[in-house]
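Protein chains: 2
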Amino acid sequence: MRRQSVAATALWIVGSALKTAAANPIQSAVAATLCRRTPKTKLMTERIFNFSAGPAVLPIPVLEEARAHLLALPGVGMSVIEISHRSKTFDEIIQGAETGLRDLLSIPKNYAVLFLQGGASLQFTMVPMNFLSLDENADYILTGSWGKKAIKEAQKCGEVNLGADMSDGGFTRVPTQEELQLGDDARYVHITSNETIEGVQWKSEPDTGDVPLFSDSSSDILSRPIPIEKYGLIYAGAQKNMGPSGVTLVIIREDLLPHIPKGKPTMLDYRTHVEHKSLYNTPNTWGIYIINLVCKWLKEKGGLEAMQQENEAKAKLIYDAIDATDFYRGHADPDSRSIMNVTFHLPSEDLEKKFASEATAAGMDGLKGHRSVGGIRASIYNAFPREGCEALVEFMKEFEKKNG
Amino acid sequence: MRRQSVAATALWIVGSALKTAAANPIQSAVAATLCRRTPKTKLMTERIFNFSAGPAVLPIPVLEEARAHLLALPGVGMSVIEISHRSKTFDEIIQGAETGLRDLLSIPKNYAVLFLQGGASLQFTMVPMNFLSLDENADYILTGSWGKKAIKEAQKCGEVNLGADMSDGGFTRVPTQEELQLGDDARYVHITSNETIEGVQWKSEPDTGDVPLFSDSSSDILSRPIPIEKYGLIYAGAQKNMGPSGVTLVIIREDLLPHIPKGKPTMLDYRTHVEHKSLYNTPNTWGIYIINLVCKWLKEKGGLEAMQQENEAKAKLIYDAIDATDFYRGHADPDSRSIMNVTFHLPSEDLEKKFASEATAAGMDGLKGHRSVGGIRASIYNAFPREGCEALVEFMKEFEKKNG
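As they're listed, the protein sequences go chains A and B.
Using our numbering, you'd call the opening residue of the first sequence number 1 and step up by one each time.
Using our numbering, you'd call the opening residue of the second sequence number 1001 and step up by one each time.
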């Protein structure tokens, strides 16, 4: 990781805003805000603020390092996407990614760290294929759209109990411990730590007693420290906080492995990937390479405690702007608000459309809410710069003045 | 695709060979050969000849274009690995990749083209999960190591008949039509079009009558024109001739889809991906982007007829060197020799080790045969330059002189 590259993260200038600043006061304000913050740095007019829910913004120093070595890794003579997954060079890369994640998340030694493919969607199937048989049951706590999909796949394998169903009111919060109805003989309890679509996040883990806690942590992994030892299994698509799409991180407590029935398809049996250290077949080598670089960047930024502070500060900027007026209406209850995906509504669908479209024109892309819930969604993952949140807040104020 | 980049493919100079040319006559010869061939071009001393079986060498113009836009796609303001898979930009990319493949392979309209994850190894499971039930049978024609793995997974789903078993003599050829023992009620006939490890390739498709032909074409897809209409299903990991690892191409005749039983896991049901055009969940966006660029490069090179000519010429260089002496012994029978993976032996294991290690020192990497069969393997996919084959032949001659 090149040190000088880190400074470049302060550099996310809204190109289109600069180009048309004179013609538009909102864009002008955005551009001015940004320019004030980066007076000595070269303008990167090509980049915009990317509020996309995933694949999502990545750290500029990571992209710069990948670019610098894309034709040939130093001393190797091949691109990282050309080297064998059995080579010494790739071994160092995958070890680096695993060590990086173990350090950042304080993953205990009795957990395996896997780099698989197929996204969380394949894990929705793989988890029950490995841990839920027809005569068994598992508790799923339903707090949003992704949890629903996980349940649908689990029901093809065994019995699913709803440990809580928060669908009333369109998924606005996680349940309290008292609201949970967990079975005594459940094989596991499944949560979605952060519902990307609704912007609803668990602030701490539910108490599941002796029953292993499983989590789809796709959209908040690495955004804050978590007590891994409270979990039996965590899975997460890489394309929000970790890297490009096409890699799935799985963290699994090894004492669960002997419970997997024999005879499962080799690629869908967690033991295969634990035994072969994610190299049973060719993994997504590029994805793992980028994850390794992202971990280095996170360490340089101060690790997950620092990241949590920054993420909370970034989210607070937007939530404060929402709470300051009746024009904007937050979707999630304050106690369950996500620090990764800020979801809110405007007084009408027409205004929401106008908001998203004018924001795009002002260099802020990806703000349209998921088609299933509508509204506005600002996804502000680790690599999303605070300046982008400030620019959005400015834009929100100006938009309300004109349309409120 | 930038035109001037294409010339750079002639530019694969063995860096280490040049640096130490004076000290080593073989390296000197290699370097001289290459320099003679590229007198006017700038030396790319960082790159070496990559004979790896996969992930494997990619076209330099493709790498250059990806590098040029890695921080921001022109007019988009985000890296290709940061854009939403639901965006208009990515839609153009995935459409481009599909159109590119359809054009190059002349894929008829009644076939779907899918970009999945998990490699051929997941297809070993997915194919029988979709098309083979417990009370049904399929014919598998066994011509090498990958076919064995495919059979192992199919046996977990239904009955497997060996349409031919070519394991005698360590898989040196494909069967003749007369040797095939195909069942009348087989759901499908499965072949491995090119066995990467043994270097054994089908030169034309077996006649399977009305039974659909399924093929694992991971290591020779796009190396030559193939009559798609003879197949029911083709699958191929991208990491040899198409792009980076982590994407799997599936070409499937659509009339097969209604035969898939209902209730399969959503991600493992081909219908899901056909209906959602490979966007049911987040695909490997980077991988698909590179495939799109590779298709453009292939079109510029003259398409698959031109590619086949070049591949045959490249392979002939090495096979001729093998046949010219008793020192080298080809593994595959001449009629079944692969134009992608050239496999051969030396008089002893010690000499093979020495050969691979001295070749690496001379800037030719990845020549060690697969651990399961030993020997030497030169993988010379589409993007592998002819100069690399010439350099290897020079090296083989010198090596025999010294050690023969």
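In case anyone wonders, no lab produced these hints; they're calculated from the structure.
Don't take each hint at face value.
Said to hold, decoys possible - Some chain B residues close to chain A (C-beta under 8 Å, calculated; not the full set):
1) Leu1256
2) Pro1258
3) His1259
4) Pro1261
5) Asn1284
Claimed, not checked - If you want the footprint, here are the derived chain A segments under chain B, 3+ residues with CB under 8 Å:
6) 64-70
7) 117-129
8) 219-233
9) 242-252
10) 285-296
Bear in mind that the values here come from a model prediction, so they are computed numbers and not experimental data.
Where a beta carbon is used, it is the ideal one built from N, C-alpha and C, also for glycine.
Here's how the hints hold up against the structure:
1. Leu1256: At 20 Å from the nearest chain A Cβ, B/Leu1256 fails the 8 Å test, so the hint is violated.
2. Pro1258: 20 Å, violated
3. His1259: Given a least distance of 19 Å, the restraint on B/His1259 is violated.
4. Pro1261: 12 Å, violated
5. Asn1284: Cβ of B/Asn1284 sits 3 Å from chain A, so the hint holds.
6. 64-70: With 4 residues in contact (Cβ-Cβ under 8 Å with chain B), the coverage given for the segment 64-70 of chain A holds.
7. 117-129: holds (count 9)
8. 219-233: Violated - the segment 219-233 of chain A has 0 residues with a Cβ nearer than 8 Å to chain B, which falls short of three.
9. 242-252: Since three or more residues must qualify, the claim that chain B covers the segment 242-252 of chain A holds, with 5 doing so at under 8 Å.
10. 285-296: Held - the segment 285-296 of chain A has 4 residues with a Cβ nearer than 8 Å to chain B, which meets the minimum of three.
The structure does not agree with the numbered hints 1, 2, 3, 4 and 8 stated previously, though it agrees with the rest.
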